[in-house]
Amino acid sequence: MNYLMRRLATFPLVLLGVSILVFVAIRMVPGDSITAMLGTEAGLLTPAQRDSLAAYFGIDQPWFVQYWRWIGGILHGNFGISVTYGRPVLDVILERFPLTLELAVLSMIIALAVGMPAGIFAATHNEKLSDLGVRIVAMIGQSTPSFVLGLLIIYTLSAGFGLLPAMGEFAPLWQDPLRNLSQLILPAITLGFAFAASVTRISRSAMLDVLSDDYVRTARSKGASARSVIWRHALPNALIPVVTLSGIEFGYLLGGAVIVEQIYALPGLGRMVLDAIQQRDYALVQGSVLFIAFNFMIINLLVDLAYVGLDPRIRLGEP
Amino acid sequence: MRILRAIFGHGSGRIGGVIVGVYLLVAILGMLGLTPHNPITQFRVDRLHAPNSAYWMGTDLFGRDVASRLMAGIGQSFTVAFFSVAFATLAGTVLGLAAAWLGSRWDGIVMRIMDVLLAFPAILLALLIVTVAGPGTWTSIVAIGIVYTPIFTRVVRGPALSLKAREFVDAARTFGSSSSYIVTRHLLLNLVAPLTVQVTLALAWSLLTEAGLSFLGLGTQPPAASLGLMLSDSRNLMETAPWLMIFPGLAIMISILGFNLLGDALRDILDPRMRRAPA
Numbered sequence: 001m002n003y004l005m006r007r008l009a010t011f012p013l014v015l016l017g018v019s020i021l022v023f024v025a026i027r028m029v030p031g032d033s034i035t036a037m038l039g040t041e042a043g044l045l046t047p048a049q050r051d052s053l054a055a056y057f058g059i060d061q062p063w064f065v066q067y068w069r070w071i072g073g074i075l076h077g078n079f080g081i082s083v084t085y086g087r088p089v090l091d092v093i094l095e096r097f098p099l100t101l102e103l104a105v106l107s108m109i110i111a112l113a114v115g116m117p118a119g120i121f122a123a124t125h126n127e128k129l130s131d132l133g134v135r136i137v138a139m140i141g142q143s144t145p146s147f148v149l150g151l152l153i154i155y156t157l158s159a160g161f162g163l164l165p166a167m168g169e170f171a172p173l174w175q176d177p178l179r180n181l182s183q184l185i186l187p188a189i190t191l192g193f194a195f196a197a198s199v200t201r202i203s204r205s206a207m208l209d210v211l212s213d214d215y216v217r218t219a220r221s222k223g224a225s226a227r228s229v230i231w232r233h234a235l236p237n238a239l240i241p242v243v244t245l246s247g248i249e250f251g252y253l254l255g256g257a258v259i260v261e262q263i264y265a266l267p268g269l270g271r272m273v274l275d276a277i278q279q280r281d282y283a284l285v286q287g288s289v290l291f292i293a294f295n296f297m298i299i300n301l302l303v304d305l306a307y308v309g310l311d312p313r314i315r316l317g318e319p
Numbered sequence: 001m002r003i004l005r006a007i008f009g010h011g012s013g014r015i016g017g018v019i020v021g022v023y024l025l026v027a028i029l030g031m032l033g034l035t036p037h038n039p040i041t042q043f044r045v046d047r048l049h050a051p052n053s054a055y056w057m058g059t060d061l062f063g064r065d066v067a068s069r070l071m072a073g074i075g076q077s078f079t080v081a082f083f084s085v086a087f088a089t090l091a092g093t094v095l096g097l098a099a100a101w102l103g104s105r106w107d108g109i110v111m112r113i114m115d116v117l118l119a120f121p122a123i124l125l126a127l128l129i130v131t132v133a134g135p136g137t138w139t140s141i142v143a144i145g146i147v148y149t150p151i152f153t154r155v156v157r158g159p160a161l162s163l164k165a166r167e168f169v170d171a172a173r174t175f176g177s178s179s180s181y182i183v184t185r186h187l188l189l190n191l192v193a194p195l196t197v198q199v200t201l202a203l204a205w206s207l208l209t210e211a212g213l214s215f216l217g218l219g220t221q222p223p224a225a226s227l228g229l230m231l232s233d234s235r236n237l238m239e240t241a242p243w244l245m246i247f248p249g250l251a252i253m254i255s256i257l258g259f260n261l262l263g264d265a266l267r268d269i270l271d272p273r274m275r276r277a278p279a
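Line by line, the protein sequences give chains F and S. Letter by letter, the first sequence follows residues 1 to 319 of our numbering. Letter by letter, the second sequence follows residues 1 to 279 of our numbering.
Chain F with its partners taken away, still in its complex shape:
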């Protein structure tokens, strides 16, 4: 079986494992869900009331029956009801997701727009002072956590320029694109900075690798211009590791948004997960973690497909 087929065949299996893990994890949280839902008022319930509530929510059933109901519901788009919002979990997730997705996409655009030219520049100036400069900045960038950078940006803006990041009511992209971008640009830079550094390092080393390959030497000896060697011959092959990194990192950007959304007080999916954890809204935690993991898996699968498309050798070889 070739790599692609194997990858597609294991996808549902891994997805099943992910759903079981999320389900079991939430069931392992100390305390029962009735107490979590009613808080101190749960103490006023008689045992009979408690039993009938347990039967109503189905939590008196064995775990595999509960799992089966839960997963069956999800397959029909029913992720349960959020205690905090009093609304279906999926509605709450879908309301928050566009912001997180937009933040991740914007971060990725910034990272690629900065990282790739910087990496190519460094590779074509290998071992020169400018290359060293790019490498130092990239190394520092890769070592700067988003929460340190975010706070530094906010501090510099407020102390240096008397400005504050545009916060307040969040404006969705389709309603007020300018205001939306002004609210998301700093969070996107914060989230994308370390990613830009990784892209720089990967593009640089991939480019250096390719530039020393025989076919590039042949192109050079045939008299191809330096520009043509870089753009036509070297870049397409140097892109393969950048594509892989971008895909993997994109998934991490979705996860990393938890911290950045918290710093900039953005009402995205990441911040919602954190609030749900603190408010013990387990249906929401369960649903949103599964939702993010599912997206992460889909992205990784797409990266693998892109990878196979870019490098035909993988189709036949071992992963």
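Simulated from the structure, these hints should not be mistaken for lab results. Built from N, CA and C at the ideal position, the CB exists for glycine as well. Errors might be hidden in some of the hints.
[What the hints assert, rightly or not] If the Cβ cut is set under 8 angstroms, some of the chain S residues that face chain F in the computed set are:
| id | residue |
| --- | --- |
| 1 | V94 |
| 2 | L97 |
| 3 | T131 |
| 4 | L216 |
Fit chain S to the supplied structure of chain F, relying on the hints for placement.
Relative to the frame of chain F, chain S by itself:
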């Protein structure tokens, strides 16, 4: 000794080695309580002092010495990072070796479980585990350990599979060596180099994840000091007391930088194929 000489002969290895060395010293002092002041004791009259000769890095809202809290915080962060990476290394190595050596069904089971763990963004899986077990130092260690186990399993399994097919393993079998002898003596010893590189880089990620969890209030709990927690507490006082943010922020950044530089240097030294394109 030879590896130390190689690290100090390598440009970024030298810088990374010195940074990590200094941090280790500070971490040990912090853990032993050998700090200029008690990191937890509150001196209310000395609230929010800017850095001065008595308090080198100033004091926080409760009059606690920032330098002492920073030292204790580095001790705390390093404890979590070292234990969690030790957990991940041990679990990942055992699982990776078992998968490679036992092959077929076991390999499939172990690697699918690792795929499940890898299907979560790191911080999200850590958050999920902390939700289940409640925040705290040990939870952070286990959570970060579990998050990075699949990476070690993969790092061990791949090379172990190719080593298993080599002639010297066949030769050892022919001589009647037991499986456990071959696995520990022939496979594991040959995996020390990639594992060393991975451990160093994992320490950087682990420091980052620990600080992230503490920043979100789900790692080390107050009044204990932790770099992420200090940074999180500094948010509301950013304009009046910027030192509360700058020192822990720099401390986190430089520690991660140190391990990254060291990891890169080790990769160059231990994996000669990488030497062509140091990044």
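Hints and how they fare:
no.: 1; hint: V94; result: violated (20 angstroms)
no.: 2; hint: L97; result: violated (19 angstroms)
no.: 3; hint: T131; result: holds (5 angstroms)
no.: 4; hint: L216; result: holds (6 angstroms)
In terms of the numbered hints stated before, the structure departs from hints 1, 2, listed from lowest to highest.
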